[in-house]
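If you want the building blocks of each chain, they are given just below.
There are 2 protein chains.
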Amino acid sequence: MSTEVIGIVAGTCTALSLLPQLVKIIQKKEARDISLFYLIVLLAGLSLWVWYGILRKDIPIIATNVTSTILNIAIIILGIRYKK
Amino acid sequence: MSTEVIGIVAGTCTALSLLPQLVKIIQKKEARDISLFYLIVLLAGLSLWVWYGILRKDIPIIATNVTSTILNIAIIILGIRYKK
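Those protein sequence lines, which keep their order, are chains A and B.
Residues 1242 to 1325 (the working numbering) are what the first sequence spells out, left to right.
Residues 1242 to 1325 (the working numbering) are what the second sequence spells out, left to right.
One should not assume that every hint holds.
[Said to hold, decoys possible] In silico SDA-like links for lysine to any residue, alpha-carbon gap of 25 Å or less: (1) Lys1265(B) / Val1307(B); (2) Lys1269(A) / Arg1273(B); (3) Lys1265(B) / Leu1312(A); (4) Lys1324(B) / Leu1284(B); (5) Lys1265(A) / Ile1314(B); (6) Lys1324(A) / Ile1275(A); (7) Lys1298(A) / Ser1243(B); (8) Lys1324(B) / Tyr1279(A); (9) Lys1269(B) / Ile1281(A); (10) Lys1270(B) / Ser1276(A); (11) Lys1324(B) / Ile1267(B); (12) Lys1265(B) / Tyr1279(B); (13) Lys1298(A) / Leu1296(B); (14) Lys1298(B) / Val1250(A); (15) Lys1324(B) / Ser1276(B); (16) Lys1265(B) / Val1282(A); (17) Lys1265(B) / Leu1277(B); (18) Lys1269(A) / Thr1308(A); (19) Lys1324(A) / Gln1268(B); (20) Lys1265(B) / Ile1275(B); (21) Lys1265(A) / Gly1320(B); (22) Lys1324(A) / Arg1273(A); (23) Lys1269(B) / Ile1275(A); (24) Lys1270(B) / Ala1315(B); (25) Lys1269(A) / Leu1277(B).
[As the list claims (entries may be wrong)] Example chain B residues on the side facing chain A (calculated, C-beta under 7 Å, incomplete): (26) Gly1248; (27) Val1250; (28) Ser1258; (29) Tyr1279; (30) Leu1283; (31) Gly1286; (32) Tyr1293.
[Claimed, not checked] Example chain A residues on the side facing chain B (calculated, C-beta under 10 Å, incomplete): (33) Thr1253; (34) Ser1258; (35) Leu1260; (36) Pro1261; (37) Lys1265; (38) Asp1274; (39) Phe1278; (40) Tyr1279.
It is worth saying that the hints were derived from the structure and are not from the lab.
Backbone N, C-alpha and C fix where the C-beta goes; we use that ideal spot for every residue, glycine too.
Given the sequences, and given the hints that come with them, work out the whole structure.
See the structure below:
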């Protein structure tokens, strides 16, 4: 298996792991459990991974962390909306 | 800032984002909310990132994903223990 494929599968799995939280917020229309602080830390981490991928010209890292960043931003927006 | 430093800060943030879940399980001694399926997908993803880092000889990816993998295994073990 090529290195690129391993990176893409790895990133797909870690990006997918954000989905249950997003689905839960959409279904329950409720986000009391969500820690905004943790989501901001995660957003910082994911954005830095994208930056790191760009510096390293590493496509799997860029592609999968852009996906994770978008999912995370969606969780933050809905989290703020349903927090109250 | 060097590429290595960006990678290490990125990985530290994404690893840290696992901590609140672990702390919550330890404090509440309860893991009803935890999706084991999602944790297994995340474990697969993190392990593959470690493998990817080894293939690419990329120290920030290896170091931070080993940390995340250990945190994730701790969450899985406590999650199974407190599930019932």
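Results for each hint:
Straight-line distance between C-alpha atoms of Lys1265(B) and Val1307(B) comes to about 21 Å, which keeps the hinted pair within the 25 Å bound. At most 25 Å may separate the alpha-carbon atoms for a hinted pair to count; Lys1269(A) and Arg1273(B) meet this at roughly 16 Å. This hinted pair checks out: Lys1265(B) and Leu1312(A) have alpha carbons roughly 23 Å apart, not beyond 25 Å. A distance of roughly 18 Å separates the Cα atoms of Lys1324(B) and Leu1284(B); the hinted pair therefore holds under the 25 Å criterion.
With a C-alpha separation of about 23 Å, the suggested pairing of Lys1265(A) with Ile1314(B) holds against the 25 Å cut-off. Taking the CA atoms of Lys1324(A) and Ile1275(A), the gap is about 8 Å. The hint holds against a cut of 25 Å. Simply put, Lys1298(A) and Ser1243(B) have alpha-carbon atoms about 14 Å apart, close enough for the 25 Å limit, and the pair holds. With a C-alpha separation of about 23 Å, the suggested pairing of Lys1324(B) with Tyr1279(A) holds against the 25 Å cut-off.
Only pairs whose Cα atoms come within 25 Å are accepted, and Lys1269(B) paired with Ile1281(A) is accepted, the gap being roughly 24 Å. Restraint check for Lys1270(B) and Ser1276(A): satisfied, since their Cα atoms lie roughly 19 Å apart, inside the 25 Å limit. Distance restraint check for Lys1324(B) and Ile1267(B): the Cα-Cα separation of roughly 12 Å lies within the 25 Å cut-off, and the hinted pair is therefore satisfied. Our distance criterion of 25 Å between C-alpha atoms is met by Lys1265(B) and Tyr1279(B), whose separation comes to about 17 Å.
A threshold of 25 Å between alpha carbons decides the hint, and for Lys1298(A) with Leu1296(B) the separation of about 16 Å falls inside it, so the pair holds. Taken as a hint, the Lys1298(B) and Val1250(A) pair is honoured in the structure, with Cα atoms around 18 Å apart against an allowance of 25 Å. With a CA separation close to 10 Å, the supplied pair Lys1324(B) and Ser1276(B) stays within the 25 Å bound. Taking the CA atoms of Lys1265(B) and Val1282(A), the gap is about 17 Å. The hint holds against a cut of 25 Å.
In summary, the hint linking Lys1265(B) to Leu1277(B) is supported, as the alpha carbons are separated by about 16 Å, within the 25 Å threshold. Between Lys1269(A) and Thr1308(A) the CA atoms are separated by roughly 23 Å; this keeps the pair inside 25 Å, and the hint holds. Simply put, Lys1324(A) and Gln1268(B) have alpha-carbon atoms about 23 Å apart, close enough for the 25 Å limit, and the pair holds. With a C-alpha separation of about 11 Å, the suggested pair Lys1265(B) and Ile1275(B) falls inside the 25 Å cut-off, and the hint holds.
With a C-alpha separation of about 19 Å, the suggested pairing of Lys1265(A) with Gly1320(B) holds against the 25 Å cut-off. Taking the CA atoms of Lys1324(A) and Arg1273(A), the gap is about 6 Å. The hint holds against a cut of 25 Å. The hinted pair formed by Lys1269(B) and Ile1275(A) meets the criterion: a straight-line CA distance of about 16 Å does not exceed 25 Å. At roughly 13 Å between alpha-carbon atoms, Lys1270(B) and Ala1315(B) fall within 25 Å of each other, so this suggested pair holds.
A threshold of 25 Å between alpha carbons decides the hint, and for Lys1269(A) with Leu1277(B) the separation of about 20 Å falls inside it, so the pair holds. Checking Gly1248(B) against chain A by beta carbon gives a least distance of about 5 Å; that is within 7 Å, so the hint holds. Satisfaction of the interface hint for Val1250(B) is found here, the shortest Cβ-Cβ separation to chain A being roughly 6 Å, below the 7 Å cut-off. The restraint placing Ser1258(B) at the interface with chain A holds, with a minimum CB-CB distance near 4 Å, inside the 7 Å limit.
Here the hint on Tyr1279(B) is kept, as its CB sits about 5 Å from the closest CB of chain A, short of 7 Å. With its C-beta approaching chain A no nearer than about 4 Å, Leu1283(B) sits inside the 7 Å limit, and its interface hint holds. A least Cβ separation of about 3 Å between Gly1286(B) and chain A falls short of the 7 Å threshold, and the interface hint therefore holds. Hint status for Tyr1293(B): holds, given a least beta-carbon distance of 5 Å to chain A, under 7 Å.
With 10 Å as the threshold, the beta carbon of Thr1253(A) comes within range of chain B, its nearest partner Cβ sitting at about 7 Å, so the hint holds. Because the beta carbon of Ser1258(A) sits about 4 Å from the nearest beta carbon in chain B, less than 10 Å, this interface hint is met. Evaluation of the Leu1260(A) hint against chain B yields a held restraint, the C-beta minimum of about 8 Å falling below 10 Å. Given the 10 Å rule on beta carbons, the hint for Pro1261(A) holds: about 5 Å separates it from the nearest Cβ of chain B.
A distance limit of 10 Å between C-beta atoms decides the matter here; for Lys1265(A) the minimum to chain B is near 9 Å, and the interface restraint holds. Interface hint status for Asp1274(A): upheld, as the beta-carbon distance to the closest one in chain B is roughly 7 Å, under 10 Å. Given hint, Phe1278(A) at the interface with chain B, holds; its Cβ is 8 Å from that chain's nearest Cβ, closer than 10 Å. With its C-beta approaching chain B no nearer than about 5 Å, Tyr1279(A) sits inside the 10 Å limit, and its interface hint holds.
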